[in-house]
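*Asks:* Chains as they are written, first to last, in this note's numbering: chain L, 1 to 672; chain H, 1001 to 1051.
It should be emphasised that the hints constitute simulated quantities derived from the structure, not laboratory data.
From a predicted model like this one, the values you see are computed outputs, not experimental measurements.
A few of these clues could be false.
[Said to hold, decoys possible] In silico SDA-like cross-links for lysine to any residue, where the CA-CA straight-line distance does not exceed 25 Å:
(1) L:K441 <-> L:E401
(2) L:K61 <-> H:S1025
(3) L:K561 <-> L:Q540
(4) H:K1027 <-> L:D55
(5) H:K1027 <-> L:R57
(6) L:K61 <-> H:I1041
(7) H:K1027 <-> L:R109
(8) L:K367 <-> H:D1033
(9) L:K61 <-> H:L1017
(10) L:K61 <-> H:F1022
(11) L:K367 <-> H:A1037
(12) L:K61 <-> H:G1018
(13) L:K36 <-> H:L1039
(14) L:K61 <-> H:L1042
(15) L:K367 <-> H:L1039
(16) H:K1027 <-> L:L316
(17) H:K1027 <-> L:K441
(18) L:K61 <-> H:Q1030
(19) L:K61 <-> H:G1013
(20) H:K1027 <-> L:V10
(21) L:K36 <-> H:I1041
(22) L:K209 <-> L:D283
(23) L:K61 <-> H:D1033
(24) L:K61 <-> H:A1037
(25) H:K1027 <-> L:F12
(26) L:K61 <-> H:L1014
(27) L:K367 <-> H:F1031
(28) L:K457 <-> L:H447
(29) L:K36 <-> L:E54
(30) L:K61 <-> H:L1026
(31) L:K36 <-> H:L1042
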Amino acid sequence: MASGIAAARVNFTAKRVSISHLPETTIPEIQRAIAKLGFESQPIADNLVAPTGEDSRELLKAMAVSGFAMMNIMLLSVSVWSGAEGGTRDLFHWISALIALPTIAYSGRPFFRSAWAALRHGRTNMDVPISIGVTLATALSLFETFTGGAHAYFDGAVMLLFFLLTGRWLDSVMRDRARDGVTALLKNRAAGALVITTDGSSEWLASDKLKTDMVMLVAAGERLAADGEIVKGASRFDLSLLTGESAPAAMAIGDTVHAGTLNLDGPVEVRITAAGATTALADIARLMEDAAQSKSRYVRVADRAARYYAPAVHTLALSSFVGWMLMGAGWHQSLLIAVAVLIITCPCALGLAVPAAQIVAAGVLMKKGILVKDGSALERLAEVDRALFDKTGTLTMGQPEPVNLGELSAEQKSVALALARASRHPLSQGLRRALEREGVKAVALDHLEEIPGEGVKALWGLQEVRLGRTDAGEAGASLGVSLDVGDASATVLRFEDAMRPAAEATIEQLAKLGIESSIASGDRAEAVAPVARALGLTAQTGMQPQDKLDTIARLASGGQKVLMIGDGLNDGPALAAGYASLAPASASDAGQNAADAVFLGDSLAPVAQAVEVARATQRIVRQNFALAIGYNVIAVPLAIMGLVTPLIAALAMSGSSLIVVGNAIRLKAITK
Amino acid sequence: MTGILFLIPIAIGLGLLGLVGFFWSLKSGQFDDMDGAALRILIDDDGPGDD
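The shape of chain H in the complex, shown without the other chains (with noise of 0.2 Å):
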């Protein structure tokens, strides 16, 4: 029973835990361009091309 008291508010705060990290992913836009973020890994930020 006592197991219970400390596993059941650790397993809802880890539930808690990936809901805000929904939300602030959802905030910070990391959810507006999609397809945008595979192909802007592959730009050479400081190659030649850059001014």
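For reference, chain L alone in the conformation it holds in the complex (with noise of 0.2 Å):
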């Protein structure tokens, strides 16, 4: 173990690794003890360690209290029904109030909160039924317990929790896995930098540390953890994360660089400009807040429905018991009725229906590598019929890759696989790749030296053996890399930013499901060019994060619904405006936050996926809502006509709740 490190405990679930370390033990230590392991690790930012899950364990705690109460209380029921009479009813009803009395008052709590509030602001929800519902159901029945009546309500109102806290819970438990999935994969990547004091040394400081004028030492391979300007050394910097150009850009001193941009060749020293919250990611951070205020407007279809419902299921109930009042059957006997309207319409079914649906959905997406972030976002990806795509990163990999390997012979690929592995040089690293790929098998090199902004130079056998920087002129947006093997002539890599893998089957696959797609890209028209005619797309290039806000805006007032597919900071503003929006899983943070949405790995094939689900999920959860109605059509007039009973309604409720869980599973299969 070592040194500094106190002790280390893995969460495997969450795939976090703890640490405690002594105060001087600084993050790239404990990463590089990390790697001597074999593993790559990533420090978490500071606001992502929060806990999650709070609300799915209350929910939990509550289903499990409602659960118990219910199965108790079924048993106790299950006696009354099959005819326990006089003393022993008795009995057994105040048994059952003892228990139902204490699990409403804590297992109610979500439902009468939530109802409360909507009711204090003069709308209604869902919950406002099942309050009612509940409190009628739980005071008549108490008064029928106090005079030996016959019908208690207690097992009908504890399951009716039951089943709706099930159907929280589970959309809660689905919110907190995608959003830890999308947590761990949050890559923080510039957490910090390495500053030079003034005594010479070098001290790493996290960002928030910075401060403007400290000078930050910054290798090639790093991101900028902070906006400066240069006052030693050269190079080239990708500043595609932050505007979408893919040609690096070269810097020298007196340049301004900016944070989140990736130094691509030499080691640079920069004087500190802007830190924290003064960058230029600040004013984009900024427009995102404001973008991300529409997506909030957005009504879930089970509240949509219930806007419906709860007016319509109060008014059946008090007319029943109007009715009944008329027809001269007594306040006692016309209450029960209406109770039992209330119980048997209460949206139990409906509140497991959309849940039940979409866990179902994100699980299957989750094996398909797409992770959701809830089931809200699930709902607006099945709306979609427009799409926007980023061009860096996201049609394409963001990340060069060699084109003209094939130039090279067999012995050449041994060498240049040995050279580039001893690398963390961007273009190395994709060069390593490449031939990882193809299965060639690295030589032994001895005196294995990199030198910072010119290459890694070995000896191979006698022959010195060479990768590095090229003089040969570079064309448009490709970069080259010589490799010298002896005193042969130096062959020229190139490289280039290579189209993600089933990029074209994609858009044709979203042009089947009726949405058309086009180009939004902040590079220049050259660079996006080529990939807009390889896919057959039209392109908006050079633009700005306003820009593309802009033109959602402009598509949406239009009347369309804009899935922003992005991965650049750059994009965090259209993917929060965007109706739905997805990232790759190699997006900037800003991205992967603003994002509904996170894909895993290089293929593009999710994009049309996720939405192929989102749309099965969305068809089952139409049905149902119609096996709901259906249900409430039957049994509603029974309950009118006085005949449900306790039994019948216990009966129904369950009978239905499993029928919708049933449908929803049935989504497992149809979206294989």
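Hints given; two lone chains; assemble the complex.
*Replies:* Right, dumping it as structure tokens:
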């Protein structure tokens, strides 16, 4: 174990390790220690460590209590239904009441709270009829118990809570699981920088501790943690995450560089001009916040249904009460019937219909490598009819891939792999990945040495081999690296940002689903044109984050529901503003935070799959609604006629709930 | 009838015991890392690699 580390414990479920260490042990040291064990690690930003799953835990407790109470009350109810009379029945009702009252007070809180919040604002939601139904049923059953009556609805009221809590809990678990998954992905790439202190030594500082006028040392392959001005050295910078531009920009002393950009070539010293909330990043973050507000106006399917459902239920119950009173039934019997109507119509199946379908869908999508953040995201994904793609990092991989490997002999490839493995430079990494994919075996090298800004060199037997910077002309967006083996003439390897696999098929699939696609890129027209041509898409180029927002707003005002797919910081506002949005796992933190769903892997295929599964889910949800309404059409007249006893109510409730859950599980088979 | 007076409290008591057990395990973090426990059993506590 490395020095300075007191304890380490891995949470396999969350894919996280928590480490207790001495204050002088720095994060890079810990990362190196973990790397020595053969694992790659990334620090998690402070604001992401907040405990998740608090809501789920509360709901699970409420569900456990109501489940326990339901079973015990049901046990007593069964004997009442099978003919217990007189004192035994009264005793059983009393015991039921003793179990039910604390349970309803405890487990009903989520519903009472939400119903009260809605009523206070003069609105109504699914929880209003639930709360009224449960309260009335309990009050009436209590009255029955006191007066030795025959029908108590304690079992119905508690069962209702149990089924509804199950639905709530599923919904909440789904959100937690996806959020944990996304948090695990957030790489927090530049969590800090190596700062040169006044006495010449260097110290690693977290990004929130960086101040203006500090000088940070940025090695090749590192992302900048703050905005600044180069004071020493020169390098090329990959701006793609910030602006969408794919061609690296050469920067030298006096040039301004921004946080979030990647240093490609050599080490540079940067004097910080803006850090933390004052960087160019912060402007994008502000745009994003504004854009996200439009999304919060979306109303979930279940709540939309409740708008019509709740008044209908209340009218029905009230009119059956009034009706029976007018027919001279007496207030006791009329109230009993009205409560039966409320219990029967309580949206038990409705409350389960949506979350059950959505959690099954989320499970299916997770297997396909798509993490959907919540149920509302699934609903919105199903409705999109227009897709906007970012180019760099979204349609393309966003990382350089060698394009002319075919020019190398098998021997050269083996040497190239051995050299490329020794460097963290993005081009070396790209070369290594491509060669490893081909199954190339590396040769053994001696005196391996990396010269920053120059390349890697070594001895292969007696020949000197070198992989490094080339002075040969570089055309357009492509980058070059030269490979020298011995005295033979150098081979120049060219790198380009390759298209994601299945990009073309995905665009076609989207078109089949009735979704028209186009490109919205921050890159120059010359760089976007080949991609647009290959995919047969129209493209807008040179777009600022604000331009992308405007495009989405224009499409939305034309009645279109835009699916935004992007990865960069510059896409953040657009991802937040889109009707629904997707980001690849390679995306910037901001992009992943803003998107509704994140897909893993290189392939673009999950984009179309996500929409397909979301639509299948929506079909199931609609079927479930139809089933729930059909059940009401049969059961409500029976209740109004006064034929529903607590036994029938219990059977109807559990029967309809089982049916909608069964229908939701069908999704697994459909979407396979 | 007298049997019921014993049996019902016993039945409810057993159920409550289960509920309390569940709350306890939830609170003590038994469900926090469902996959880890299965793997951690394989770690040899007094192996030579431990220091």
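*Asks:* Can you name, in rising order, the numbers of the hints this structure does not satisfy?
*Replies:* 6, 14, 16, 17, 29
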